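Number of protein chains: 2
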Amino acid sequence: MNTESVLARLSALADKSRFTILQIMAKGAIGTCCDRIEAYENGCCVADVVAVTGLSQPTVSHHLKTLEKVGLVRKEVRGPWTCYFPNPEAIEELINALRAELYPSGKCDVDIQGGCCS
Amino acid sequence: MNTESVLARLSALADKSRFTILQIMAKGAIGTCCDRIEAYENGCCVADVVAVTGLSQPTVSHHLKTLEKVGLVRKEVRGPWTCYFPNPEAIEELINALRAELYPSGKCDVDIQGGCCS
DNA sequence: CATCGATATCGATGTTTGTGGATATCATAT
DNA sequence: ATATGATATCCACAAACATCGATATCGATG
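Line order of the protein sequences matches chains A and B. Note that our numbering has the first sequence beginning at 1, numbered continuously upward. Note that our numbering has the second sequence beginning at 1, numbered continuously upward.
The set of hints was computed from the structure by calculation and includes no laboratory data. If you're wondering where the values come from, they're calculated on a predicted model, not measured in any experiment. Take these hints with a grain of salt, some might be off.
Which copy? The list can't say, so a pair holds if one copy fits it or any two copies do.
To be verified - Derived DSSO-like pairs (lysine-lysine); straight-line CA-CA distance at most 27 Å:
1) K65 / K16
2) K69 / K16
3) K69 / K27
4) K65 / K27
5) K75 / K65
My request is simple: use the sequences and hints to build the entire structure.
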């Protein structure tokens with residue numbers, strides 16, 4: 001995972017609305033109106049998120065698109081509904097990247113232009 | 001860790017400049033100009049970050065303050081220098097929170113107002 | 001106490017982005 | 001084909017924020 005992707009996922013997660021969407025997906029908090037999503041799938045359609053969050057439909061569509069673009073959710077059209085499903089692997093990748101990039105005493109792979117005295 | 005703190009840390013991490021600052025701290029990429037920081041401490045003073053990133057001094061001070069406010073770095077005044085040190089525990093806490101909040105099939109602790117059909 | 005180096009704060013600016021109303025698109029059923 | 005429900009896109013607006021020049025504050029030193 002390159003730094004750009006890490007930053008994109010962090011930005012996607014850092015918004016309250018999007019974080020809430022992922023939470024309710026993860027917790028199975030949505031009794032979906034879409035008759036093509038099984039409970040174990042932890043998925044939801046756009047209207048579900050609108051109902052639970054109180055956000056407008058365009059806003060929800062926009063957030064889901066953002067989450068999909070960075071790989072945090074997977075999109076699947078099922079009949080008239082567009083269904084979204086969480087992608088735990090993306091979170092795991094992000095966690096691994098954070099550990100690799102931000103934990104002290106790793107080898108230096110940053111371009112150093114020298115300290116202020118060099 | 002409450003959701004508010006998680007979002008604050010994610011926002012702090014999601015900025016390219018701040019992420020870079022944490023990277024160069026973690027990797028020990030700074031040959032510091034401050035004579036009171038030992039190499040093993042992975043710390044740096046403000047001027048070091050200015051030199052390495054090319055950002056202005058006010059911008060660097062602002063970013064370091066942001067990082068400190070959310071607990072990602074620790075601040076310590078040593079003589080004429082203000083030194084900053086990474087705090088790996090904050091990242092670990094964040095990782096644990098992400099796993100707890102966003103991994104599917106946990107118990108639901110989100111306030112549900114019902115799906116769109118309820 | 002006066003000066004100097006280091007950092008923090010202030011104020012302004014330009015960009016990004018979250019939001020929602022209006023509208024278009026898409027899939028399905030009749 | 002036409003209508004209807006579901007979602008995506010377009011557009012505009014407002015709030016948040018990254019950035020930096022100017023200035024203030026703070027610590028050390030002579």
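Homo-oligomer pair classification [K27, K65; C-alpha up to 27 Å]: Within one copy, since 20 Å is at most 27 Å while 34 Å is not.
If the cutoff is 27 Å on CA atoms, where do K75 and K65 land: within, between, both or neither? Let me know, please. within (9 Å within a copy, 38 Å between copies)
Between copies, within a copy, both or neither: which fits K69 and K16 at Cα up to 27 Å? both (17 Å within a copy, 19 Å between copies)
How would you label the pair K69, K27 (within, between, both, or neither) given a Cα cut-off of 27 Å? Answer is within; shortest intra-copy Cα gap is 22 Å, inter-copy 30 Å.
As a check of your reading, is K65 near K16 (CA-CA no more than 27 Å) within one copy, between copies, both or neither? Cα proximity of K65 and K16: in one copy and across copies (15 Å, 22 Å).
The earlier numbered hints are all upheld by this structure, with none contradicted.
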